[in-house]
Amino acid sequence: MATVTPDLQRGAGGEGSNVLRLGKPFRYTVLILVGAFFIIPIVASARFSFLGNNNSFTFSAYTQLFGTPQFWSTLWLSVKVGVGTVALTLALLIPTVIFVHVRLPRLRRLFESVSLLPLVIPSVVVTLGVITSFRNLPNIIYGTPVILALEYVVLALPYSYRTFDSAVQSIDLKTLVDAGQSLGAGWIKLLRFAILPNLRSGLLGASILTFAFCLGEFAVASLLSFTTFPVFLVQVGRLEASQAVALSLIALIFTWIPLALVMIVFSQRRGGRRGTGIESAIESAVAD
Amino acid sequence: MAVTDELRSGSDSVSGGGGDAPADAGRRRRSWRKGRWHTSIGALPFLVYVALFLLVPAISVVATAFKNGNGQFTMANFDEAVHGVYLQSFIASIKLSFASALIAAVVGVLAALAVSATDNRIVRALVTAGSGVFANTGGVPLAFSFIATVGNFGVVTKLLSSAGFDLYAHGFSLYSVLGLTIVYQYFLIPLMILIMIPPIQALRKEWIDASASLGASRFQFWRWVGIPLLTPPMLAAFIVLFTDAFAAYATAEALTSGTIPLVPIQLGSLISGNVLAGQTNLGDALGAGMIVVVLVAALLYAYVQRKASKWLR
Numbered sequence: 001m002a003t004v005t006p007d008l009q010r011g012a013g014g015e016g017s018n019v020l021r022l023g024k025p026f027r028y029t030v031l032i033l034v035g036a037f038f039i040i041p042i043v044a045s046a047r048f049s050f051l052g053n054n055n056s057f058t059f060s061a062y063t064q065l066f067g068t069p070q071f072w073s074t075l076w077l078s079v080k081v082g083v084g085t086v087a088l089t090l091a092l093l094i095p096t097v098i099f100v101h102v103r104l105p106r107l108r109r110l111f112e113s114v115s116l117l118p119l120v121i122p123s124v125v126v127t128l129g130v131i132t133s134f135r136n137l138p139n140i141i142y143g144t145p146v147i148l149a150l151e152y153v154v155l156a157l158p159y160s161y162r163t164f165d166s167a168v169q170s171i172d173l174k175t176l177v178d179a180g181q182s183l184g185a186g187w188i189k190l191l192r193f194a195i196l197p198n199l200r201s202g203l204l205g206a207s208i209l210t211f212a213f214c215l216g217e218f219a220v221a222s223l224l225s226f227t228t229f230p231v232f233l234v235q236v237g238r239l240e241a242s243q244a245v246a247l248s249l250i251a252l253i254f255t256w257i258p259l260a261l262v263m264i265v266f267s268q269r270r271g272g273r274r275g276t277g278i279e280s281a282i283e284s285a286v287a288d
Numbered sequence: 001m002a003v004t005d006e007l008r009s010g011s012d013s014v015s016g017g018g019g020d021a022p023a024d025a026g027r028r029r030r031s032w033r034k035g036r037w038h039t040s041i042g043a044l045p046f047l048v049y050v051a052l053f054l055l056v057p058a059i060s061v062v063a064t065a066f067k068n069g070n071g072q073f074t075m076a077n078f079d080e081a082v083h084g085v086y087l088q089s090f091i092a093s094i095k096l097s098f099a100s101a102l103i104a105a106v107v108g109v110l111a112a113l114a115v116s117a118t119d120n121r122i123v124r125a126l127v128t129a130g131s132g133v134f135a136n137t138g139g140v141p142l143a144f145s146f147i148a149t150v151g152n153f154g155v156v157t158k159l160l161s162s163a164g165f166d167l168y169a170h171g172f173s174l175y176s177v178l179g180l181t182i183v184y185q186y187f188l189i190p191l192m193i194l195i196m197i198p199p200i201q202a203l204r205k206e207w208i209d210a211s212a213s214l215g216a217s218r219f220q221f222w223r224w225v226g227i228p229l230l231t232p233p234m235l236a237a238f239i240v241l242f243t244d245a246f247a248a249y250a251t252a253e254a255l256t257s258g259t260i261p262l263v264p265i266q267l268g269s270l271i272s273g274n275v276l277a278g279q280t281n282l283g284d285a286l287g288a289g290m291i292v293v294v295l296v297a298a299l300l301y302a303y304v305q306r307k308a309s310k311w312l313r
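Residue numbers (my numbering), protein chains in the order written: chain A, 1 to 288; chain B, 1 to 313.
Hints may be right or wrong, so weigh each one.
[Claimed, not checked] So the derived list for chain A, only partly shown, Cβ under 10 angstroms to chain B, looks like this:
#1 L75
#2 W76
#3 V126
#4 T255
[Said to hold, decoys possible] Far from chain A, some chain B residues (derived; all Cβ distances over 12 angstroms):
#5 F73
#6 F98
#7 F172
#8 L178
Worth flagging that the hints you see were computed from the coordinates, not collected in a lab.
From a predicted model like this one, the values you see are computed outputs, not experimental measurements.
Heads up, the beta-carbon is just placed ideally off N, CA and C, and yes, glycines get one too.
Next up, chain A with everything else stripped away, as it sits in the complex (with noise of 0.2 angstroms):
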């Protein structure tokens, strides 16, 4: 089976069926080896959180959770601080990205670059230059949560400027500015009955992918001193292993199920072969 001939391959001939070259078994055996690589810890930690003791069956730590009024306090702050973001990015971004592809298309991959610029500079060190230079500001913005969606806005932009940026790439822009302005919409109106509508999948795409990030962050809102939920987790994790087993379970599963989404809709949408978020960002900056 491995060693099929060349001919033979080219007289099965279907799309990609095996262009590559490579047999089956290699195949079967590398996506079963990496497959349970990644579906062992998950299988594992359920099992883990259900552990009581004596090896019976419980479901004592999810329960102890839900009794801890910092589980929910904590995951109300990430909330939001994750809806003050995901509003500050969109209202950052429909401008932008609709402004840079009517008026400047030629600068489109500047701006692009401008928005993968986070990933160059650690979020460790984004952290301890917000100490540095807004020590300064009002309490209102450096001492309150505030502080944590201004910068979750920048951190999340490789992902969530891609995906905005590439939706409004796959619609015919200019032809809805012209018709609606030759109809004397005024930009108000062009977004607002023109323009949004057809981004509908854009928003939502970098909508979730920015509130999931903001629901994982950890290194800045620890360092900032701010108890968001995986500042929280950590610290159940130092006193009680199965609850934050328990925890992260949950917290993992409800930020694959929203990005799942994402990654289903948007490869649909572009016949699968451009991604949405980090992967078109990689994409992209594989392009360049």
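Fit chain B to the supplied structure of chain A, relying on the hints for placement.
This is chain B only, laid out in the frame that chain A set:
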């Protein structure tokens, strides 16, 4: 993309011209000037925002690294950052990132090849979507799910020991550099798969057919066509993985509670206030050092990328 954009805007200005030439040129110049003015306004908020919340902090770290506690110029911070424990932590960080990236690059390429060669659409969609999800997974929950798996009391650790093999008696520890290397694979391998699928799919079928009709064996195809074509994108991807691993903080902190001296961890503990007297701006020097490492990686990336983009368009 950029090329088509330019072509499009070029053709626009051509088709826009129709009346008598001088008047048209004048109109175009005026609208161009007006457009330029609008330009700076429209793009400004975004650029200002990024400058304020990313560049200002980054630059202030670098600038502070050259100052002592009284604001005078000094090289003492850097002097300390490249000696003793801090030098060790740079070495440890670079070693860890290099090893993690190398393993992930090899495994990721094999997986990307396997996926690209599969004609099963469901497997493909599953791996692509899964990679997109797992590549974003890093962080705290990841650390705990590995603790549940191969930690001291992990499920797999127990299974193995009941089968007569004690992981921890054989020198393995999850809470070590080796453990971190394994945990990092969880987000590095998917990243590698995501990066490598496009260049692998860009290996043109004609090239494969051509080599086959010229009588190339499978080995010859990979030796003379496949590997030379995939090497530049692999190198570029390796650099991305290295950078990702080098900057990772959450996973290492959650897993080892800061006991392993890595640069981000050291920097984190300096930020959290574990500062000895006379080390006021040492953290900034470490931060500047991290930026230097990442910048060197980014320059290498740009160089490799230029080579890579020659063939794979």
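**Request:** List, from low to high, the hint numbers that the structure doesn't satisfy.
**Result:** Hint check: 1 and 2 fail, others pass.
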